[in-house]
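Asks: Single-letter residue listing:
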Amino acid sequence: MIDKTLFIKKSNSEIILVQIYVDDIIFDATQDSLCKEFVAAMKDEFEMSMMGELSFFLGLQVKQTKDEIFLCQSKYCKEILKKFEMEKCNEASTHMPSSCYMDADAARKGIDQTKYRGLIDSLLYLTTSRPDIMFAICLCARYQANPKESHFKAAKKILKYLKGTTNVGLWYPSHSSIHLISYSDSDFAGYKLDRKSTGGTCHLLGSSLISRHSKKQSCVALSTAEVEYIVVVSCCAQILWLK
Amino acid sequence: MCDNTSAINLTKNQIQHSRTKHIEIRHHFIRDHVNNGDCEVKFIETKLQLADIFTKPLPKERFFFLRNELGILDSQNFF
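Line by line, the protein sequences give chains A and H. Note that the numbering used here has the first sequence beginning at 1, numbered continuously upward. Note that the numbering used here has the second sequence beginning at 1, numbered continuously upward.
I should point out that these hints are in silico values taken from the structure, not numbers from a laboratory. Treat the hints with care, as some may be off.
Calculated cross-link-like contacts (lysine-lysine; reagent style DSS-like; alpha-carbon spacing at most 27 Å) [as the list claims (entries may be wrong)]:
no.	chain 1	residue 1	chain 2	residue 2
1	H	60	A	160
2	H	56	A	157
3	H	47	A	82
4	A	163	A	83
5	A	243	H	12
6	A	82	A	43
7	H	47	A	196
8	H	60	A	216
9	A	78	A	148
10	A	163	H	60
11	H	60	A	196
12	A	215	H	56
13	A	196	A	215
14	A	215	H	12
15	A	192	H	47
16	A	192	H	56
17	A	157	H	60
18	A	216	A	160
19	A	215	H	21
20	A	196	H	56
21	A	160	A	78
22	H	56	A	153
23	A	243	A	216
24	A	83	A	153
25	A	43	A	4
26	A	66	A	83
27	A	163	A	215
28	A	148	H	56
Model the full assembly from the supplied sequences, consistent with the hints where possible.
Replies: In structure tokens, the structure reads:
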């Protein structure tokens, strides 16, 4: 078990799932009676109030309808924009130019590390519902030790993109198949400083995205086949865990 | 799904090649699982490779295409 605050109880073919974060609890079951049983048991032990259907949890806004679930972090996104004084900036259509070239930029003067790290950290939490900006943030995060003006500019570009897309989030349709399909891809020696490659995988159950990662590989590869092979292996490891 | 045929072939056969012999043993654990049928590696053309978005900066049209395919949508479209 990777998440120590997720509890699962199985009885016959029914399942109840309970996720706890400090004093917030979310739960659901395949049968209503299990839910009621759980609520009664919890009320005996603790003082608690029922908030009804899940709509907000850890900054994550949840909208549920009969056919779909929609996750977004628009409130959190607006907070970030406010925190870094980018509320009135111009919107950008993409988060980074396709010809983006980033290096250590050693000749330039450094900028405030605390502010840069704060920005990266805030953005990293946003990737929960916004995997589209994941690569850009991870790229910016690599320069946290010695940030320069050009890196801050790139991070600001992400904020500008977010300004125009605050309402974007993850969409989970309820009527989709349960075939697990995983995609793995990588670039080749894309990172300019040590020529290591970045690998990315994503796993889709039917048409809903359930897991993804983007990571710089730990070794330098000699050929594209080798790079792709390494990503496929990490993808396989994730599939085995998901199973 | 992988968009590199050589990598797929590497997962299927045990043949050592002069260009692949340096790959570390731990990366070869997939061969075992492919053999057992735990997973299957298939080819997909680069155009439909959804994991592209996590590995490199992309042009605008391609970025939006992949974003939609992954189910990352604007809430205004349906609420």
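Asks: Tell me if the straight-line CA distance from residue 60 of chain H to residue 160 of chain A falls inside 27 Å.
Replies: Roughly 15 Å between the alpha carbons, so the hint for residue 60 of chain H and residue 160 of chain A holds.
Asks: Just to be careful, I want the Cα atoms of residue 82 of chain A and residue 43 of chain A compared with a cutoff of 27 Å; is the pair within it?
Replies: violated, 39 Å
Asks: Does residue 56 of chain H lie within 27 Å of residue 148 of chain A when you go C-alpha to C-alpha?
Replies: Roughly 21 Å between the alpha carbons, so the hint for residue 148 of chain A and residue 56 of chain H holds.
Asks: Mind checking the alpha carbons of residue 83 of chain A and residue 153 of chain A for me, to see if they're no more than 27 Å apart?
Replies: Holds, at about 16 Å.
Asks: Hint check: residue 60 of chain H vs residue 196 of chain A, CA-CA at most 27 Å. Holds or violated?
Replies: The hint holds at about 25 Å.
Asks: Has the given pair, residue 157 of chain A with residue 60 of chain H, been kept, meaning a C-alpha gap of at most 27 Å?
Replies: holds, 14 Å
Asks: Can you confirm whether the C-alpha distance between residue 160 of chain A and residue 78 of chain A stays at or below 27 Å?
Replies: Measuring from Cα to Cα gives roughly 11 Å; hence the hint holds.
Asks: Measure nothing beyond the straight line between the CA atoms of residue 192 of chain A and residue 56 of chain H; if it is 27 Å or shorter, mark the hint as holding.
Replies: The hint holds at about 13 Å.
Asks: Is the Cα-Cα distance between residue 43 of chain A and residue 4 of chain A 27 Å or less?
Replies: Distance of about 22 Å is within 27 Å: holds.
Asks: Within a Cα-Cα threshold of 27 Å, do residue 243 of chain A and residue 216 of chain A meet the stated pairing?
Replies: Judged against 27 Å, a Cα distance of about 25 Å means the pair holds.
Asks: Assess, step by step, whether the Cα of residue 47 of chain H is no farther than 27 Å from the Cα of residue 196 of chain A, and give holds or violated.
Replies: holds, 24 Å
Asks: For the pair supplied as a hint, residue 215 of chain A and residue 21 of chain H, is the alpha-carbon distance within the 27 Å limit?
Replies: Holds. Residue 215 of chain A to residue 21 of chain H sits at ~24 Å (cutoff 27 Å).
The structure fails to meet hints 3, 6, 26 from the earlier list, while all remaining hints are met.
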